[in-house]
Amino acid sequence: MLIFDAVLAAVVLVAVWAGLSVRVVQQFQRGVVFRFGRVREQVQGPGLVRLMPVADRLRKVNVQIVTMPIPAQEGITRDNVTVRVDAVVYFRVEDPVKATVNVQDYNFAISQVAQTSLRSIIGKSELDDLLANREPINQGLELMIDSPALGWGIEIDRVEIKDVALPESMKRSMSRQAEAERERRARIITADGEYQASARLSEAAAVMSATPAALQLRLLQTVVEVAAEKNSTLVLPFPVELLRFLDSAAEVNRRTAGDGGEQAGAEPPPAEPPRLPEVEQLDLPPLEEVLEQSPVGRLNGPDHPAPGPVAAPPGPDHDGGTGVAGTSGGRS
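Heads up, the sequence shown is in my numbering, so the first residue is 2 and it goes up one at a time.
Hints may contain errors.
[To be verified] With a straight-line cut-off of 30 Å between C-alpha atoms, the simulated BS3-like cross-links for lysine-lysine are:
# : residue 1 : residue 2
1 : Lys61     : Lys99
2 : Lys125    : Lys172
3 : Lys163    : Lys125
In short, the hints are calculated from the structure, not lab data.
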């Protein structure tokens, strides 16, 4: 009976010792052993790990890749645009001893460094780079986070910017800019098409100028195309060459007329205006003497004032004619 109790006690002691000295480490974990508070450099791999009871303490560290979202950070870009940017960081523990000893909580530390680095990278970047050229920004953000993480035994796998939130006013401005850019491209393409078409038409005109019959054939082909639409009115284009021919013929006629006038002689001088015939000057006595000698003048003395002018009676030439109005003391 005593032997049985001794064996049973030994089994219990072994079980207790085994429970205190044996630990199981998973495949995705690594074990860091502290013996009397001092860390051991050897990292325990997956499987059964034997520890010294009471003296050793085991701390398991996950070495899987951790996906940590970075909360949206609001900042002002280098071109003075307010944005909200959120990202995600992928990291893993490379050195379990450093991750356990050098930092209290490496998950919280990586989160804070990622937020600070994200705000810093927003201030150094422009809006166009955040929207269209994210690869260099992701690399720069990864480098900024990886610098302090190396001392913590953390390896940054990658960092990605998830979304960039813009104000509504900036969205409207960008939509107007995109519309203007599309319109500019459309105009350039239209102008390029017109340029190429004009070059082809110039080449066709050069070919037709060598053979004038080709222009007439092209005109007939146009008439056939118009007539095929069964229109009641047929419009025939007037050849431009005919206008040029008429213009050149008129110019030749003007030059010929000018040469003929120069050969015939100079133009005759302009005729002098006709001169009026000279009127012979008559030697007439003074008007005072004539009035004194006239009967009216004799009656008009100092006692008899001279009457006023008397109008001549209307004659046959008075109405619109050339009648002469008589006066008392004069003649016409």
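Against the structure, the hints come out as follows:
1. For the hint pairing Lys61 with Lys99, the CA-to-CA distance comes to about 13 Å; that is within 30 Å, so the pair holds.
2. For a cut-off of 30 Å, the pair hint linking Lys125 to Lys172 stands: about 21 Å separates their Cα positions.
3. For the suggested pair Lys163 and Lys125, the alpha carbons sit about 18 Å apart, so the restraint of at most 30 Å is met.
Hint violations for this structure: none, all hints satisfied.
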